[in-house]
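Whole structure, please, built from the sequences with the hints as guidance.
There are 2 protein chains.
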Amino acid sequence: MVQRLTTAAADFDGQLTTLLSRKQEASPAVAEAVRGIIQQVIKEGDGALRDLTRRFDSHEADSLAISVAERDAAADRASPEAVAALEAAAARIETYHRKQMPDDELYTDEEGVTLGWRWTPLEAVGLYVPGGLASYPSSVLMNAIPPRVAAVPRMVMVVPTPDGQINPLVMAAARICGIEEIYRIGGAQAVAALAYGTETIASVDKIVGPGNAYVAAAKREVFGHVGIDSIAGPSEIVVVSDNRSPAPWVAADLLSQAEHDPSSQSILITDDAAFADAVEGAAEDLLAVSPREAITRRAWEQNSALIVVRRLGGDGMEVVNRLAPEHLELAVDKPEDLLPSIRHAGAIFLGRHTPEAVGDYVAGPNHVLPTARAARFSSGLSVADFLKRSSLIGCSAESLEVIGPLAMTLAEKEGLWAHGESVRQRLEDRGQ
Amino acid sequence: MVQRLTTAAADFDGQLTTLLSRKQEASPAVAEAVRGIIQQVIKEGDGALRDLTRRFDSHEADSLAISVAERDAAADRASPEAVAALEAAAARIETYHRKQMPDDELYTDEEGVTLGWRWTPLEAVGLYVPGGLASYPSSVLMNAIPPRVAAVPRMVMVVPTPDGQINPLVMAAARICGIEEIYRIGGAQAVAALAYGTETIASVDKIVGPGNAYVAAAKREVFGHVGIDSIAGPSEIVVVSDNRSPAPWVAADLLSQAEHDPSSQSILITDDAAFADAVEGAAEDLLAVSPREAITRRAWEQNSALIVVRRLGGDGMEVVNRLAPEHLELAVDKPEDLLPSIRHAGAIFLGRHTPEAVGDYVAGPNHVLPTARAARFSSGLSVADFLKRSSLIGCSAESLEVIGPLAMTLAEKEGLWAHGESVRQRLEDRGQ
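Sequence lines, in order, name chains L and U.
The first sequence runs 26 to 457 under my numbering.
The second sequence runs 26 to 457 under my numbering.
It does not matter which identical chain is meant; a pair holds if it fits inside one copy or across any two.
Derived pair list, reagent style EDC-like, types lysine to aspartate or glutamate, alpha-carbon separation capped at 20 Å:
(1) 124 to 135
(2) 68 to 224
(3) 359 to 130
Honestly, the hints are just simulated from the structure, not real lab data.
Structure, rendered in structure tokens:
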């Protein structure tokens with residue numbers, strides 16, 4: 026049975042806190058194993074990659090690279106219908122992300138100081154793609170299209186190929202994204218190779234893409250030496266619905282996150298207890314026919330909840346902000362009325378006809394979103410993650426006379442002598 | 026003596042790599058000590074903060090909070106001239122950062138799908154201010170003004186007060202920035218309190234600000250649970266100059282970074298060996314009179330370099346991009362001609378009359394910038410660091426009919442049954 030909560034209960038705050046505290050930290054044992062693997066890759070390079078691939082993926086990676094010919098041969102085995110859907114999705118994702126391109130700025134202020142900034146793309150980005158069952162072609166699109174829009178010149182994909190098996194649709198996605206540099210490696214060793222480089226693999230500047238606990242721990246370990254996207258946790262959804270949504274729609278939306286992983290979390294917020302009953306019943310009906318029942322039921326019964334609130338736009342929105350969900354559906358007639366009250370959410374799905382699944386695949390916005398309440402302080406993946414901003418400052422001799430003395434005063438107070446001297450000399454030389 | 030390199034040397038690449046590899050990683054011992062401190066704060070709360078403050082800062086923090094009255098009493102002891110300079114600097118910093126405010130977006134595409142995004146501020150930000158000598162009021166402005174511009178409602182400052190001493194100008198900066206919640210704690214324990222909260226201190230969502238090795242390790246440790254700005258390393262500057270800049274100006278600019286810390290790095294790139302000689306001589310003259318000679322000389326002689334290149338706009342820019350410096354001065358007549366070749370730099374100072382020091386204090390752009398080559402993949406602090414973006418997706422029944430089937434195809438290929446089901450139900454119900 027799925028948990029039931031109500032904001033009317035005296036201990037609601039405590040119950041909600043328990044619901045929020047499910048986040049699993051990486052174990053120290055995983056972190057230690059990962060540090061060992063990273064050191065091995067730094068020391069032994071390609072040899073370490075071959076050893077570890079033999080050990081973890083059970084095949085000989087004689088050639089670490091998957092050539093463009095191999096990529097295409099695999100991609101050609103993918104279903105044409107699925108490839109066409111990927112292409113249509115890619116076009117929509119690209120259109121949306123192009124709107125995110127930020128502008129450069131350059132202006133001269135009243136004091137005559139030239140100010141502004143300038144965006145430039147990263148030079149090399151590594152994309153981690155999980156192997157096996159969790160190898161999702163849609164993730165390739167979501168991680169590879171933003172850097173392509175940002176004009177990153179070098180994109181590298183790593184994907185483990187357990188027992189030598191290559192996923193045709195992942196290769197089709199790579200082809201659609203124009204990725205030509207691909208290596209058949211995975212795990213912490215692939216992250217280490219991207220961060221530090223080996224004889225075959227030149228290092229990159231940032232690593233993105235989902236992975237298991239070892240990949241997450243490796244990304245945390247190399248963070249700072251290279252950039253990383255974020256440490257993704259289990260997926261989550263919050264559906265806010267009045268009693269006028271069809272219960273089976275809402276149940277399917279909730280289960281669509283629960284089916285990802287036993288540690289996923291799905292939460293309904295409604296103002297009608299009878300509607301919560303109807304959703305629970307509809308979920309049971311769906312679970313009975315789902316081919317992923319085992320996973321889905323664990324997430325549903327262990328981590329999920331139906332929360333009855335007094336008013337969707339009142340205590341309902343307070344609960345939403347406490348949860349700071351990755352995905353938030355507003356299954357009501359006027360979602361725009363609720364929007365101003367929402368302070369934290371990775372992606373917001375507006376109205377009853379917008380199942381979260383369209384956001385996973387084809388709507389256009391990125392499906393890489395902050396999990397585990399990280400929407401309190403971070404955003405989904407975007408073009409800006411593949412650009413960086415250089416600030417621009419230009420003084421003329423005249424404008425330095427205006428603002429330079431302020432800098433000298435503050436430098437003196439901070440005891441930074443040469444800072445002041447660098448301004449003083451220029452002002453003095455001009456004064457002569 | 027400062028190192029001399031030339032791109033004409035056969036082993037230049039190797040020499041440059043050595044110059045680049047100075048970055049010091051945090052020691053495992055520091056990380057372990059910090060993990061212990063964090064656990065202690067999580068378990069014992071305020072008690073742990075008082076114990077650790079007694080141990081590390083040698084005073085009794087009976088009241089952890091510095092009240093607004095205490096803040097103002099301390100601020101009133103600051104020099105009026107310095108306070109006026111801080112106020113002028115704050116106004117310029119605010120004006121620049123207001124231009125960074127991003128726009129929301131909402132549009133309906135050809136398929137009838139409503140798409141866009143919406144920015145919201147973080148709810149609570151913690152600002153770490155180092156104590157003692159490295160307690161810089163300018164850092165308070167640079168870290169506190171962007172969240173204020175972003176409309177973050179709660180700002181918390183932590184600042185250690187060794188032996189109970191409060192820095193008047195830091196308190197003046199806090200007052201200028203409207204910071205009213207201040208605690209007299211520092212080190213890893215302050216970071217832990219901000220991240221996890223104690224009886225007295227409510228937790229925040231993101232922690233920014235510079236600190237020593239313990240603070241840096243603590244920020245790395247709590248990253249993910251809360252947001253952090255970046256792990257700052259020693260300061261760096263690269264000055265690109267032809268032989269027409271006054272050598273003492275360039276020397277002062279180079280030493281203004283060297284004087285921060287013995288591990289700072291200052292690099293001159295010039296196309297004239299005789300000019301490099303002149304700068305070296307001028308630096309010696311300055312070192313002889315600097316009150317910070319000991320620190321400055323260590324950074325200058327151990328980590329810094331004069332690099333002679335063939336052409337500033339050619340191999341000179343390649344060296345700049347390899348270095349990816351925090352601060353880059355273009356001390357030439359037409360800096361705009363070099364700009365297109367620059368791929369990585371935290372802040373760029375245009376022309377001979379723009380000493381880096383104006384950027385530290387009063388120009389307007391942020392002085393919190395990526396160090397240790399992180400400009401390859403990250404940017405200086407900005408208003409965007411205190412906002413997050415929720416993507417918006419809205420389908421009508423009609424537009425779901427257009428894009429829904431694509432999502433169903435891809436969900437099926439990825440084996441995510443309920444994802445497909447959530448779309449199928451809506452399409453079927455409409456079809457009836």
